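Colleague: Line order of the protein sequences matches chains A and B.
Sequential numbering of the first sequence, starting at 1, is according to my numbering.
Sequential numbering of the second sequence, starting at 123, is according to my numbering.
I should point out that these hints are in silico values taken from the structure, not numbers from a laboratory.
Check before you lean on any hint, since a few could be wrong.
[As the list claims (entries may be wrong)] Simulated coverage check for chain A against chain B, where a stretch passes if three residues somewhere in it have a Cβ under 8 Å from a Cβ of chain B: (1) 50-58; (2) 78-90; (3) 104-113.
[Stated by the list, open to error] Which bits of chain B does chain A cover? Going by a derived footprint, with three or more residues having C-beta under 8 Å, they are: (4) 184-190; (5) 206-212; (6) 439-448.
[What the hints assert, rightly or not] Far from chain A by the CB rule (all over 10 Å, computed), these chain B residues: (7) Pro156; (8) Leu198; (9) Val215; (10) Met230; (11) Glu234; (12) Lys332; (13) Asp421; (14) Met499; (15) Glu545; (16) Asn547; (17) Leu549; (18) His562; (19) Leu579.
Bear in mind the structure is a predicted one, so any value in this text is a computation, not a measurement.
Just so you know, even glycine gets a beta-carbon here, dropped at the ideal spot from N, CA and C.
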Amino acid sequence: MAHILVVDDEFLLAMMLTDILEDEGYEVDTVSNGEAALAAVRKRRPDLVVTDFMMPMMTGLEFAEAVRADAALANLPIILVSGAQGNIARERPELFQAVFDKPYRNSAILKAIATYVATDTE
Amino acid sequence: MQQAHRLTSGIDGLDQILAGGFISGASYIIQGQPGAGKTILSNQIAFAHIAGGGRVLYVTLLSESHERLFQTMDPLAFFDRSQLGAAITYISVFQTLRDEGLDAVVKMLRKETKRQDATLLVFDGLLNARDRADTDFDVKTFVAEVQGQAAFVGCTVLFLTSSSVTDLNPEHTMVDGVIDLTDTLAGVRTVRELQVRKSRGSRALGGLHKFEISDEGITVYPRIESLPARVEASVRVESKLSIGVPGLDAMLGGGLPEGSITLLAGPSGSGKTTLGIHFLSQASDAEPALHFGFFETPDRLRTKAAALGIRLADQEGRVLTIERMPLADNILDKLAHKLLDQVRSLGIKRLFIDGFGGFERAAVHRPRLIEFFACLMDQLRAEGVTTLATWEIRELVGSDVAAPAREISAILDNMILLRLFEEDNQLIRSVSIQKMRDSHFDTSVHAVDFAPNGLMLGGALSARQVPPHPQR
Numbered sequence: 001m002a003h004i005l006v007v008d009d010e011f012l013l014a015m016m017l018t019d020i021l022e023d024e025g026y027e028v029d030t031v032s033n034g035e036a037a038l039a040a041v042r043k044r045r046p047d048l049v050v051t052d053f054m055m056p057m058m059t060g061l062e063f064a065e066a067v068r069a070d071a072a073l074a075n076l077p078i079i080l081v082s083g084a085q086g087n088i089a090r091e092r093p094e095l096f097q098a099v100f101d102k103p104y105r106n107s108a109i110l111k112a113i114a115t116y117v118a119t120d121t122e
Numbered sequence: 123m124q125q126a127h128r129l130t131s132g133i134d135g136l137d138q139i140l141a142g143g144f145i146s147g148a149s150y151i152i153q154g155q156p157g158a159g160k161t162i163l164s165n166q167i168a169f170a171h172i173a174g175g176g177r178v179l180y181v182t183l184l185s186e187s188h189e190r191l192f193q194t195m196d197p198l199a200f201f202d203r204s205q206l207g208a209a210i211t212y213i214s215v216f217q218t219l220r221d222e223g224l225d226a227v228v229k230m231l232r233k234e235t236k237r238q239d240a241t242l243l244v245f246d247g248l249l250n251a252r253d254r255a256d257t258d259f260d261v262k263t264f265v266a267e268v269q270g271q272a273a274f275v276g277c278t279v280l281f282l283t284s285s286s287v288t289d290l291n292p293e294h295t296m297v298d299g300v301i302d303l304t305d306t307l308a309g310v311r312t313v314r315e316l317q318v319r320k321s322r323g324s325r326a327l328g329g330l331h332k333f334e335i336s337d338e339g340i341t342v343y344p345r346i347e348s349l350p351a352r353v354e355a356s357v358r359v360e361s362k363l364s365i366g367v368p369g370l371d372a373m374l375g376g377g378l379p380e381g382s383i384t385l386l387a388g389p390s391g392s393g394k395t396t397l398g399i400h401f402l403s404q405a406s407d408a409e410p411a412l413h414f415g416f417f418e419t420p421d422r423l424r425t426k427a428a429a430l431g432i433r434l435a436d437q438e439g440r441v442l443t444i445e446r447m448p449l450a451d452n453i454l455d456k457l458a459h460k461l462l463d464q465v466r467s468l469g470i471k472r473l474f475i476d477g478f479g480g481f482e483r484a485a486v487h488r489p490r491l492i493e494f495f496a497c498l499m500d501q502l503r504a505e506g507v508t509t510l511a512t513w514e515i516r517e518l519v520g521s522d523v524a525a526p527a528r529e530i531s532a533i534l535d536n537m538i539l540l541r542l543f544e545e546d547n548q549l550i551r552s553v554s555i556q557k558m559r560d561s562h563f564d565t566s567v568h569a570v571d572f573a574p575n576g577l578m579l580g581g582a583l584s585a586r587q588v589p590p591h592p593q594r
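Please model the complete structure; the sequences and the hints are all you need to start from.
Modeller: Have a look at this one:
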């Protein structure tokens with residue numbers, strides 16, 4: 001059972017994504033900012049991270065940069081979801097496996113997660 | 123005395139009400155029921171602040187998703203998506219509040235305000251914070267701490283809350299100001315009003331002020347009666363403006379005294395609009411005219427003038443402006459501000475208002491009308507514009523014409539009365555001067571006839587013909 005970390009300061013959105021992921025059979029943890037996410041992935045590495053962009057303490061972009069800079073975590077798959085900064089994220093393809101704009105279609109994000117999670121566990 | 127540095131709201135009417143805007147580094151509560159306009163107001167202030175070089179941190183607890191908020195604001199003129207995540211950051215601290223409590227939220231706000239270099243902090247959800255607090259003391263402490271650390275770095279704070287107006291909330295004592303937004307039903311229409319309930323360190327304009335929400339965002343119309351009094355423009359006592367009908371000028375002792383306000387009262391069909399058109403026809407580059415009416419469209423007015431044989435200035439150009447406000451759900455103060463803005467910006471010297479009834483119909487709170495008209499008159503007098511305003515009297519044909527409301531007559535400078543009555547199965551129109559402040563006038567009643575070039579003064583009507591003057 002693959003393990004996914006969901007990172008979003010907006011509680012309701014994190015809960016909704018957690019629900020649909022758990023329905024698909026994933027194990028899900030959530031944290032509410034980039035700094036907590038960095039600590040979480042260092043403590044227990046997930047199979048994939050889905051993160052928001054605009055968050056307190058550390059943005060989704062800063063989190064991804066920190067992950068890529070860390071040799072031990074560098075190839076951790078990260079998917080970004082954003083309301084307003086999708087384009088900024090797309091300018092950094094080395095940071096994210098995929099970028100989704102909010103609102104996203106659940107089927108689309110599930111498909112992307114399945115793709116990149118599968119890649120990692122090979 | 124040192125003037126406080128201001129954070130302007132970017133909304134003219136609101137800055138006027140706040141005597142210049144918010145005080146930088148101070149804290150305010152914006153309260154109102156859901157739908158009252160708090161979110162739009164705070165975002166509009168935020169984006170105005172950004173436009174002036176400021177940076178904003180917008181903090182929510184448990185509310186609609188940020189993306190939904192952005193979609194709601196997309197149609198509003200002030201909203202600029204490119205600023206999101208740049209000069210303005212939206213974050214939620216709900217998880218922190220839930221898992222770690224108020225203290226942790228205070229700490230996070232301090233860190234994040236510093237990280238973003240924010241000069242304006244909007245905290246949406248004070249009510250939620252109160253739910254989490256164990257006591258009133260905790261909320262006061264929360265507000266005090268957030269307020270204190272924000273002030274320390276020169277950051278202005280807006281706390282948004284849905285708490286009821288009548289609640290005595292402990293946090294109200296901590297902040298520097300409280301703004302109340304309401305959205306109520308008056309008869310069958312909705313009325314949006316704003317009140318500054320507390321304003322520490324600044325003399326705000328009191329009472330209820332109307333506002334509306336449109337694609338421009340929020341527009342605020344300060345209550346006319348609350349505006350500071352102005353000095354009447356000085357005009358030469360002998361200076362008179364022609365009303366456009368020669369015999370009538372003579373009756374008026376030379377014409378309408380410059381800067382004065384004249385009520386033109388009469389039943390429907392008595393010739394009020396026609397006389398107004400005569401007044402407007404005397405406009406020139408030196409004396410630009412404005413028709414501010416509720417009935418005739420510009421086209422219909424011009425058609426009527428043409429049919430009467432009276433020449434009006436062309437469509438293009440500044441000599442004559444015809445403004446028509448439809449009789450719909452009007453906001454009384456909006457009408458007044460529109461009128462005054464046009465008078466000022468166009469340098470109007472001749473103003474024809476057709477008629478006061480249009481303002482009267484817009485009043486949601488009728489008891490304020492006397493003071494409203496008095497203050498509107500004062501504002502017009504300060505501009506030195508000569509005003510002719512119509513007032514429709516109920517009785518169509520008859521001898522005993524009820525004068526307009528006593529109190530309004532007292533406010534106005536001059537009054538001209540037009541009457542219709544029957545004699546020998548013929549309809550006779552008459553004109554008489556009821557009152558003139560500071561000027562001699564002809565007290566007799568004259569017939570008024572329609573001639574090829576408009577109205578023409580006829581002979582004086584004898585006592586036998588004329589019904590008794592109405593009571594003053």
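Colleague: Identify every previously stated hint that the structure contradicts and give their numbers, smallest first.
Modeller: 3, 6, 9, 10 and 11
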